[in-house]
Amino acid sequence: MKARRDVYQAIADPTRRAIIHIIADEPQNITSIAERFDMSQQAISLHVKILTDCGLVVIKQQGRDRFCKAELSKLSEVAEWIDQYRLHWESRLDKLEKYVAKLKKERYGKTKK
Amino acid sequence: MEKQKSNTADRELLLTRILDAPIELVWEVWTKPEHIALWWGPDGFTNTIEEMDVQPDGEWSLVMHGPDGTDYKNKSIFKEIIPYKKIVYDHISGPRFLATIEFESRGNQTFISWHMLFESAEQFIQVVKTFKADEGLKQNIEKLNAYLKGVRIHK
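First to last, the protein sequences are chains E and W. Heads up: the first sequence begins at 1 in this note's numbering, then just goes up one per residue. Heads up: the second sequence begins at 114 in this note's numbering, then just goes up one per residue.
Calculated directly from the structure, the hints in this document are not laboratory data. All C-beta atoms in this analysis are idealised placements derived from N, C-alpha and C, irrespective of residue type, glycine included. Take these hints with a grain of salt, some might be off.
Dumping the calculated EDC-like pairs for lysine to aspartate or glutamate here, alpha-carbon to alpha-carbon at most 20 Å [what the hints assert, rightly or not]:
| # | chain 1 | residue 1 | chain 2 | residue 2 |
| --- | --- | --- | --- | --- |
| 1 | W | 242 | E | 80 |
| 2 | W | 245 | E | 83 |
| 3 | W | 192 | W | 232 |
| 4 | W | 192 | W | 166 |
With the Cβ distance kept under 10 Å, some of the chain E side facing chain W (calculated, not the full set) [unchecked claim]:
| # | residue |
| --- | --- |
| 5 | 9 |
| 6 | 78 |
| 7 | 92 |
| 8 | 95 |
Here are the computed distance ranges between Cβ atoms for each label pair [unchecked claim]:
| # | chain 1 | residue 1 | chain 2 | residue 2 | range |
| --- | --- | --- | --- | --- | --- |
| 9 | E | 91 | W | 233 | 23 to 31 Å |
| 10 | E | 73 | W | 197 | 45 to 53 Å |
| 11 | E | 77 | W | 192 | 28 to 36 Å |
| 12 | E | 79 | W | 144 | 30 to 38 Å |
| 13 | W | 213 | E | 52 | 37 to 45 Å |
Using the sequences and the hints, build the whole thing.
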């Protein structure tokens, strides 16, 4: 089995993120995507291949051209986990807040607000 | 691609909060090891502070003890310390990030902003992915615990 493909792997590379950015507005073929980069069309094709394996890009055949279309809904999976990670840090701030409140009560008593 | 390089939005987290305590107290709780040991880390964790030298280039080493007995070593270097204003530290054990905590007095309350900047978007994605894996693992352990409880009851 080949390396596991997932959305995280798809966006873990700056070129792949740039490709998604380029085709987010409208589908484009490999040639016009490759023109935007300082690398060979083969290299771009490989990145597009990884993106399709990860489900972030769908290839549509139109005549002789193959258009790459971005599947942006897949990205929400990452956004969801970034939110979870943020909540993890928020809960650590909750702990700080509780601790400070407890200490304040001990030092200044209950009446002082 | 160039315009994305100067942008840090894809590798940072910013949290803000107003704490209902004067800034002196919040600063003390953040900078004294005997206090930080009591509130640092995720829920259910305890901490051992090995070193906490709150000054520029000062070392900060602590071990977080997870509820399941796993130890997590953390090492950071303080970069900037402005009393009652700002703490910057470089978390040098993985995942690497630069944290900037700013304090601002608001009467009897304190506004705190907590910014974490990861080295690269790749690193940040890796952290989120690892976190996702850990959360999955945690849920599995919870499931296993629930399962074992059930088994015990039926005995």
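Cross-check of the supplied hints:
| no. | hint | verdict |
| --- | --- | --- |
| 1 | 242(W) <-> 80(E) | holds (11 Å) |
| 2 | 245(W) <-> 83(E) | holds (11 Å) |
| 3 | 192(W) <-> 232(W) | holds (16 Å) |
| 4 | 192(W) <-> 166(W) | holds (11 Å) |
| 5 | 9 | holds (9 Å) |
| 6 | 78 | holds (7 Å) |
| 7 | 92 | holds (6 Å) |
| 8 | 95 | holds (5 Å) |
| 9 | 91(E) <-> 233(W): 23 to 31 Å | holds (26 Å) |
| 10 | 73(E) <-> 197(W): 45 to 53 Å | holds (46 Å) |
| 11 | 77(E) <-> 192(W): 28 to 36 Å | holds (34 Å) |
| 12 | 79(E) <-> 144(W): 30 to 38 Å | holds (34 Å) |
| 13 | 213(W) <-> 52(E): 37 to 45 Å | holds (39 Å) |
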